[in-house]
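A.B. asks: Could you put together the complete structure from these sequences and hints?
In order, the protein sequences belong to chains W and A.
The numbering used here applies: residue 1 is where the first sequence begins, and numbers increase by one.
The numbering used here applies: residue 1 is where the second sequence begins, and numbers increase by one.
Keep in mind that the hints were calculated from the coordinates and are not lab data.
Any given hint could be a false lead.
Stretch by stretch, here's where chain W covers chain A in the computed footprint (C-beta under 8 Å, at least three residues) [claimed, not checked]:
| hint | stretch |
| --- | --- |
| 1 | 212 to 226 |
| 2 | 235 to 241 |
| 3 | 249 to 259 |
| 4 | 290 to 303 |
We treat Cβ as the ideally placed atom computed from N, Cα and C, and that holds for glycine.
Single-letter residue listing:
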Amino acid sequence: MDKKINVLLVEDEMELAVSTIRFLKENNFNCTHKSTIKLALKEIKNNSFHAALLDLGLPDGDGLSLIKEIKNKNQETGVIIVSAKDALNKKVEALELGADDYLTKPFFFPELNARIKSLVRRLNMEENKKIVLNELTLFPEEMKVLVHNKVVDLTSKEFSLLLYFISNQNRVLSKTILGEFMSSNYEDYGFSDDLVYTHIKNLKKKLASSDCPEYIKNVYGIGYKFLVD
Amino acid sequence: MKLITKSSLTFISASVLFFLVGSIIMYFSVRTIFSSNLNDTLLEKKTNLVKQIEPDNVERFYSNDVFVNKINSDIPSSFSDTVLIESGKYILYRKIDFSYFTSDQYYKISVLEPQKKTDILVSKIVIMNVGLAFIFFLILFFVNRHSVNNTLKIFYRTISKLEQFNLNNNDELHLDSAQLFEIKKMNSVIQKMADTIRKDFELQKEYTENVSHELQTPLAVINSKVDELMQSDNLTKQQMEQLAILMETTNRLSKINQALIFLTKIDNRFYTKGSTFSVNQLLKEQLDLFEESIQQKNIKVTLNLLDTTHIYMDKYLAETMINNLVRNAISHNNDIKEINISIENNCFIISNSGDKLTFPSDKILDRFSKSTTNKKSLGIGLSVVKSICELYHFELQYHYDGMHHFSVNFKV
Numbered sequence: 001m002d003k004k005i006n007v008l009l010v011e012d013e014m015e016l017a018v019s020t021i022r023f024l025k026e027n028n029f030n031c032t033h034k035s036t037i038k039l040a041l042k043e044i045k046n047n048s049f050h051a052a053l054l055d056l057g058l059p060d061g062d063g064l065s066l067i068k069e070i071k072n073k074n075q076e077t078g079v080i081i082v083s084a085k086d087a088l089n090k091k092v093e094a095l096e097l098g099a100d101d102y103l104t105k106p107f108f109f110p111e112l113n114a115r116i117k118s119l120v121r122r123l124n125m126e127e128n129k130k131i132v133l134n135e136l137t138l139f140p141e142e143m144k145v146l147v148h149n150k151v152v153d154l155t156s157k158e159f160s161l162l163l164y165f166i167s168n169q170n171r172v173l174s175k176t177i178l179g180e181f182m183s184s185n186y187e188d189y190g191f192s193d194d195l196v197y198t199h200i201k202n203l204k205k206k207l208a209s210s211d212c213p214e215y216i217k218n219v220y221g222i223g224y225k226f227l228v229d
Numbered sequence: 001m002k003l004i005t006k007s008s009l010t011f012i013s014a015s016v017l018f019f020l021v022g023s024i025i026m027y028f029s030v031r032t033i034f035s036s037n038l039n040d041t042l043l044e045k046k047t048n049l050v051k052q053i054e055p056d057n058v059e060r061f062y063s064n065d066v067f068v069n070k071i072n073s074d075i076p077s078s079f080s081d082t083v084l085i086e087s088g089k090y091i092l093y094r095k096i097d098f099s100y101f102t103s104d105q106y107y108k109i110s111v112l113e114p115q116k117k118t119d120i121l122v123s124k125i126v127i128m129n130v131g132l133a134f135i136f137f138l139i140l141f142f143v144n145r146h147s148v149n150n151t152l153k154i155f156y157r158t159i160s161k162l163e164q165f166n167l168n169n170n171d172e173l174h175l176d177s178a179q180l181f182e183i184k185k186m187n188s189v190i191q192k193m194a195d196t197i198r199k200d201f202e203l204q205k206e207y208t209e210n211v212s213h214e215l216q217t218p219l220a221v222i223n224s225k226v227d228e229l230m231q232s233d234n235l236t237k238q239q240m241e242q243l244a245i246l247m248e249t250t251n252r253l254s255k256i257n258q259a260l261i262f263l264t265k266i267d268n269r270f271y272t273k274g275s276t277f278s279v280n281q282l283l284k285e286q287l288d289l290f291e292e293s294i295q296q297k298n299i300k301v302t303l304n305l306l307d308t309t310h311i312y313m314d315k316y317l318a319e320t321m322i323n324n325l326v327r328n329a330i331s332h333n334n335d336i337k338e339i340n341i342s343i344e345n346n347c348f349i350i351s352n353s354g355d356k357l358t359f360p361s362d363k364i365l366d367r368f369s370k371s372t373t374n375k376k377s378l379g380i381g382l383s384v385v386k387s388i389c390e391l392y393h394f395e396l397q398y399h400y401d402g403m404h405h406f407s408v409n410f411k412v
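C.D. replies: Put into structure tokens, the structure is as follows:
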């Protein structure tokens, strides 16, 4: 996992692009940014990417048209659509054209981060499918986690939470972000604060009982941080 | 009052007045004509009489229809009506009075002519005329009624089309073409108006959706900046907390926005894929999603699923409807912590313990009505349910009797 992940960002909203680039770089991604379809097409021809983040409403067309080009060039490039339109038919259209994921604006960076990582893991078959962090070993496909090579029994939500933390290590994750992550499609706003607290409490307890150091730190009044030195 | 009744009534009252006044005028005018005829006859009789009369035989002329009376002075010749009683009956006569003068005496001579015959004639003529006019009136009445009715038919068709016209149905208004100028004019004005309203409505809907979509990107920018700031190491605790609130509020704004887009989509009939499924099954799936929240809050859920109601509608909307109702029952629960759900007689009823509303209960289904105690609520979930129910003509009702009861009747 030492190899840097190359990401192509196609986004015309400059401020959002600037923040996204900074965020991706901080998280050890290589990021190339283009703001139009024309420029993006040129970039796709010349370079190969692990993942592409495509905005739908671009000045010179719809980002959907890039999906085919990207996949033709390299089937293993993961395509994530980032759109303000949360329409089912748009999603279906994008996925049918070959997109791998669909993220609705406004999104949270940790969510984007987790999605890119998960996508790259899925698409790069030859890469080992486990994530190792000190004494922790995670197998995302099987939702299995080992601490000191011993299985820790986690519920699926606790496992997703741990994976999310590891994907966004050393970042402050606010309760809002974690709540959004924990809520399913339906179970939306205003419901998940207590659940987040309970799940994290349980996760911490289970990890602690397996002699795992306390990575998940409480950032008082704001949220949590998965701290790895 | 219907137009046809109104016009008939006016017609009838005008006709009755006309008949009444008309027949009286006619009676008297015909009578005047006849009495002037009688006058001529009387004048003729007078001339004959005067020819025959001699000073010594004046009294001899006295008969049934000629009266001779002595008088003291001269009188002018005059016509008048008089009534004689003959064998107990009053008989009307026309009479001419004139004076005759012998050397020593004035005589008043009256010649009479019965009016009985002319009276009968007058009545007959008047009756005949009135009868004719009545038949004419009847024909006119029915012809008029028929033509008004015919005209109104087009008018009523327009009205009934307007009644069925629903902006939300996306169908245009098509009015019949009419021949009558006024109806044609009315139809064209209405048509123009309806088209304008429809266009404005479409534009407004489009506008709402576009604005909401346009808001998402700036919100994404805010989110990204706040998240960036939050990672800074040199922030005070207070600054961090403020950032957390900023992020929370932005998220809330985005949720409201998404909910509004969703509501607009329901109203725009975006979700039209229908399928048949069991409400029980749907409820169980949705309850599973809330299992953790229910456990967390320690709420006791009682199910009373009596029949297996199947409904035909868009699956996503059905899920959303049940989901919002269940979520509402969970989040607005109080210390009693109870939820009862029953399905019977095509009716889905969900009841939850909860405090009395802090706003009027008829506002509960309106957008953004929410109690002052629940800060986290967006106040939009129930209006989504309302919109979905309206779309499928389900009956959604609410009442409170210590518990909040929401019922959806699928077959009204």
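A.B. asks: Check each numbered hint against the structure and report the violated ones by number, ascending.
C.D. replies: none
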